[in-house]
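A.B. asks: Protein chains in written order, with this note's numbering: chain A, 15 to 308; chain B, 15 to 308.
Each pair of labels, with its calculated beta carbon distance range: (1) B:K205 <-> A:D69: 45 to 51 Å; (2) B:P200 <-> A:A47: 30 to 36 Å; (3) A:R307 <-> B:E32: 38 to 44 Å.
The set of hints was computed from the structure by calculation and includes no laboratory data.
Note that the structure is a prediction, hence the values are computed from the model and not measured.
Just so you know, even glycine gets a beta-carbon here, dropped at the ideal spot from N, CA and C.
There are 2 protein chains.
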Amino acid sequence: MDTLIAGLVQHPCSADREGNLAADVAGIRAAAARGARLVLLQELHATRYFCQREDAACFDWAEPIPGPTTERLGRLAAELSVVIVASLFERRAAGVYHNTAVVLDRDGSLAGRYRKMHIPDDPGFREKYYFTPGDLGFTPIDTSLGRLGVLVCWDQWYPEAARLMALAGAQALLYPTAIGWDPRDPEDERKRQRDAWITVQRAHAIANALPVLACNRCGEEPDPEGSTPGIRFWGSSFAAGPQGEILAEAPADASAVLVAELPLARSETLRRAWPYLRDRRVDAYADLLLRYRD
Amino acid sequence: MDTLIAGLVQHPCSADREGNLAADVAGIRAAAARGARLVLLQELHATRYFCQREDAACFDWAEPIPGPTTERLGRLAAELSVVIVASLFERRAAGVYHNTAVVLDRDGSLAGRYRKMHIPDDPGFREKYYFTPGDLGFTPIDTSLGRLGVLVCWDQWYPEAARLMALAGAQALLYPTAIGWDPRDPEDERKRQRDAWITVQRAHAIANALPVLACNRCGEEPDPEGSTPGIRFWGSSFAAGPQGEILAEAPADASAVLVAELPLARSETLRRAWPYLRDRRVDAYADLLLRYRD
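Just chain A, same shape as in the assembly (with noise of 0.2 Å):
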């Protein structure tokens, strides 16, 4: 398969669980009927982004996998011939609780998940309290249209990530997220943040030589607590090539289907033209197990 076309569907969360799903089923939907095989939603699609305080109430949104969503989502993906990359709060048992990312094949059926391995915590973002670490490591999904590297949000910032996913084989690095700007910043600091984002994402496409798809929630989500001004998702989903060019770019405030042409059998052509992976120093990368070098 020399090329693939992808979309990406970016909306605000609201209280309403079945109205977010329903935006994302009428984003897969007409990006389905722009031609796209592959449809990537933002992180955890089906409520507002729930992390802003720490509440033992929240559990309860979180579902098995397979479960309801997976099997109306599988249902969508058979119908439409489409596969599906779905953000889920992942109920596995009493007290384990993943923020993973699901793949629904061209049947239908789970081709795979991948549990988010780096978790953030910071004011605003208290993911270590509700995310149980992935242990499926970085491993890629096998489907229909090829191996997929799906990773979560956070691990976005991470390059030892995007390269793993690389290493296996990924043909694609896909990343459901849920970022935001703390209003209070100031413009230039915000502008500093959304640049980083996309930037540090580019790059994976770079060095690895692979399509990088990004799907970020928008629209403002107020403090629960009250005690903050809430966040303001910063939308900006895009597509980039493995030279890390911008294929397509949603905006930062709005709703948006983003659809784009991934030239996949550019990867082998760049790698040999850019042959990066032959070069690396395997035998001097040691430390990078380690957290710290003193």
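With chain A fixed as given, assemble chain B onto it according to the hints.
C.D. replies: Leaving out everything else, chain B in the frame of chain A:
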């Protein structure tokens, strides 16, 4: 030290070694006059980029370290009280030559050296013929101005190298470079290549919350064998801050002396706000030491 003013000296190289070094010296003086306390030179700045072809006579250009060039630049460093990061063709022994960056401290002493670890080899860039792979690892160099993560050119495509320097306490990443276009490539491809080169290095800044300096030569150099149109070096030297923001940028096709103030203290502020180093999954990175996972 909260900030550090850094300079970069970009120029074309001719077959006149003394003329090339004179351009370096003039650039260092100009940068120091504008307040720079650290000056980075381009890769192999004393000579043309001789690696376009494989010619044993070129080994005559290698020199010992310490040697004539480090002595000369050391005297200049002491005179101006600046740290100079230079790039030499090192003759270590008969048959053992390295592509080596040296750091001269403000007292003129040789603070340390870095031997290029990742050695490229592709048409026009036949470095594996000339350069024995470095054996000093990814070890920053301590100076009176701080700990410098000095790397060289092809290293700039490797997130592993940047991360290892950061984990070893580097306060900035520095890349002497010699990279250019094949003039036969179409303009859109040349644009993607240059953008990728800038983007991947900005991402090292972002992923490690460190400033990055990249100093590249400019100008056209003919193929000594006359079988290709030679290389059009793309200049575009730049300084980026720890969020990847561009602080200063040189043109693609002309000499330049850049001066930029590096906000060193922001690295710790940023690492508190964006604690990537805290969350690295070192338990799951072992496969980074593999060539490929199959």
